[in-house]
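Asker: Protein sequences, first through last, are from chains S, C and V.
Number 102 in numbering that gives the first Met the number 0 belongs to position 103 of the first sequence; there are no gaps in the numbering.
Number 136 in numbering that gives the first Met the number 0 belongs to position 137 of the second sequence; there are no gaps in the numbering.
Number 33 in numbering that gives the first Met the number 0 belongs to position 34 of the third sequence; there are no gaps in the numbering.
Since the hints were made in silico from the structure, they are not lab data.
Since this is a predicted model, take the numbers as computed values, not measurements.
Ideal Cβ placement from N, Cα and C applies to all residues, glycine included.
There's no promise every hint is true.
[As the list claims (entries may be wrong)] In silico negatives: residues of chain C with every beta carbon more than 10 Å from chain V:
{"id": "1", "residue": "89"}
{"id": "2", "residue": "92"}
{"id": "3", "residue": "96"}
{"id": "4", "residue": "133"}
{"id": "5", "residue": "136"}
{"id": "6", "residue": "145"}
[Said to hold, decoys possible] Example chain V residues on the side facing chain C (calculated, C-beta under 7 Å, incomplete):
{"id": "7", "residue": "0"}
{"id": "8", "residue": "14"}
{"id": "9", "residue": "25"}
{"id": "10", "residue": "75"}
{"id": "11", "residue": "78"}
{"id": "12", "residue": "86"}
{"id": "13", "residue": "91"}
{"id": "14", "residue": "98"}
{"id": "15", "residue": "100"}
{"id": "16", "residue": "101"}
{"id": "17", "residue": "132"}
{"id": "18", "residue": "152"}
{"id": "19", "residue": "153"}
{"id": "20", "residue": "157"}
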Amino acid sequence: MPEKVTLVVFSGEMDKVLAAFNIAIGAASMGMEVSMFFTFWGLNIIKKNEGSIKSRGIMRKMLNIMNRGGSHRLPLSRFHMFGLGKWMMSKLMRDAKFPTVDELIATAKEAGVKFIACTNTIGVMGLSKDAFIPEVDSFGGVATYLAEAKEGRVNLFV
Amino acid sequence: MPEKVTLVVFSGEMDKVLAAFNIAIGAASMGMEVSMFFTFWGLNIIKKNEGSIKSRGIMRKMLNIMNRGGSHRLPLSRFHMFGLGKWMMSKLMRDAKFPTVDELIATAKEAGVKFIACTNTIGVMGLSKDAFIPEVDSFGGVATYLAEAKEGRVNLFV
Amino acid sequence: MPEKVTLVVFSGEMDKVLAAFNIAIGAASMGMEVSMFFTFWGLNIIKKNEGSIKSRGIMRKMLNIMNRGGSHRLPLSRFHMFGLGKWMMSKLMRDAKFPTVDELIATAKEAGVKFIACTNTIGVMGLSKDAFIPEVDSFGGVATYLAEAKEGRVNLFV
Numbered sequence: 000m001p002e003k004v005t006l007v008v009f010s011g012e013m014d015k016v017l018a019a020f021n022i023a024i025g026a027a028s029m030g031m032e033v034s035m036f037f038t039f040w041g042l043n044i045i046k047k048n049e050g051s052i053k054s055r056g057i058m059r060k061m062l063n064i065m066n067r068g069g070s071h072r073l074p075l076s077r078f079h080m081f082g083l084g085k086w087m088m089s090k091l092m093r094d095a096k097f098p099t100v101d102e103l104i105a106t107a108k109e110a111g112v113k114f115i116a117c118t119n120t121i122g123v124m125g126l127s128k129d130a131f132i133p134e135v136d137s138f139g140g141v142a143t144y145l146a147e148a149k150e151g152r153v154n155l156f157v
Numbered sequence: 000m001p002e003k004v005t006l007v008v009f010s011g012e013m014d015k016v017l018a019a020f021n022i023a024i025g026a027a028s029m030g031m032e033v034s035m036f037f038t039f040w041g042l043n044i045i046k047k048n049e050g051s052i053k054s055r056g057i058m059r060k061m062l063n064i065m066n067r068g069g070s071h072r073l074p075l076s077r078f079h080m081f082g083l084g085k086w087m088m089s090k091l092m093r094d095a096k097f098p099t100v101d102e103l104i105a106t107a108k109e110a111g112v113k114f115i116a117c118t119n120t121i122g123v124m125g126l127s128k129d130a131f132i133p134e135v136d137s138f139g140g141v142a143t144y145l146a147e148a149k150e151g152r153v154n155l156f157v
Numbered sequence: 000m001p002e003k004v005t006l007v008v009f010s011g012e013m014d015k016v017l018a019a020f021n022i023a024i025g026a027a028s029m030g031m032e033v034s035m036f037f038t039f040w041g042l043n044i045i046k047k048n049e050g051s052i053k054s055r056g057i058m059r060k061m062l063n064i065m066n067r068g069g070s071h072r073l074p075l076s077r078f079h080m081f082g083l084g085k086w087m088m089s090k091l092m093r094d095a096k097f098p099t100v101d102e103l104i105a106t107a108k109e110a111g112v113k114f115i116a117c118t119n120t121i122g123v124m125g126l127s128k129d130a131f132i133p134e135v136d137s138f139g140g141v142a143t144y145l146a147e148a149k150e151g152r153v154n155l156f157v
């Protein structure tokens with residue numbers, strides 16, 4: 000039976016996202032079974048980059064404009080500087096042949112990492128399932144997470 | 000013997016707090032034994048909302064004014080916008096019938112979640128035990144935490 | 000066989016660093032085997048305080064000026080206020096006889112805590128190994144981390 004790894008991806012900041020995917024892909028390529036639970040700002044990583052995010056009510060619409068998300072729109076947790084810091088970091092990563100978030104998503108899926116989107120946050124933010132990329136395997140709540148985590152050898156909150 | 004879950008609640012931001020309580024309550028309602036260790040800014044969650052925070056020395060007094068805390072005063076980690084973002088998020092949560100922090104605290108206690116407040120931080124911040132809500136089960140340091148965490152199936156740092 | 004504890008230290012903020020070291024030192028002094036994996040902003044903790052950080056290319060040089068790091072230069076995650084909040088917190092810690100980051104590093108090493116610096120981030124940021132303090136035991140990637148974490152009783156991401 001393969002060893003399990005679970006990651007709660009709460010943060011939607013590019014630097015934390017890179018750390019989470021590195022661990023996920025590393026573990027999957029070592030034969031471990033990996034699940035990533037995207038919740039709160041972490042849902043931004045798995046939102047579609049194209050089109051607009053639909054939601055009902057003026058406040059939800061405002062929230063979903065401010066918090067548009069999508070793998071191309073993730074800020075840095077430090078030195079974001081209205082995008083300049085992020086642009087620099089992205090360039091340094093390209094120079095160092097470090098993969099982009101999109102490439103990390105693709106590699107994670109190839110390696111068999113499961114993507115689960117948190118239904119609780121989706122409800123509060125008024126999002127619908129078609130706001131998300133097709134790489135998402137399933138939608139679930141905290142019970143889904145805990146069922147996996149209690150069998151996990153490594154469980155992290157990022 | 001019930002499976003254990005431990006959460007170090009370091010952060011005092013409302014969004015992270017919601018995630019921590021969701022996991023804690025979910026786990027307790029699945030029959031797991033849950034301990035939440037409130038440390039640093041996380042202590043703000045379990046401070047009384049009423050009255051003033053007493054402490055000795057001008058700098059501690061300043062810190063405890065800036066960092067007043069209490070479940071009604073937790074900022075958001077993103078889009079706080081001097082309270083506007085938080086007000087919006089609170090309204091969206093009410094619309095979605097999502098519980099408030101106070102309701103989460105009450106539900107967690109009913110479900111048997113243990114609240115432990117970190118004595119180290121309390122010392123540095125010059126707080127006294129009566130700054131905290133009566134739902135706190137005990138006060139302890141890192142040894143208390145580790146004694147539980149090393150038996151934990153799921154240990155998270157939030 | 001001693002129980003293992005692993006900490007991914009992603010954050011370079013003084014408050015989170017204190018929490019991480021407290022757990023590490025606590026665990027080591029209880030006879031547990033502790034490894035700290037410093038990655039991303041967490042690398043700042045284990046950079047030398049003296050001298051300048053050498054790197055190639057104008058953007059890396061800029062990044063390494065902004066993100067100079069070193070145990071004496073860690074900001075607070077809240078109330079940093081251009082250094083005022085940090086200065087206050089440092090003073091409160093001294094008053095409460097709480098150790099400084101440098102003392103925590105020394106105590107952790109005496110207690111046998113292993114320091115591992117993340118080679119992936121070092122590559123992206125264009126750092127060389129001599130930017131780091133001699134207390135670093137080794138340099139490694141995600142496979143090194145996972146090999147330890149999967150045997151860990153307590154694995155945290157800070």
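Asker: Going back to the hint list, which numbers does this structure go against?
Answerer: 6, 7, 10, 12, 14, 15, 16 and 17
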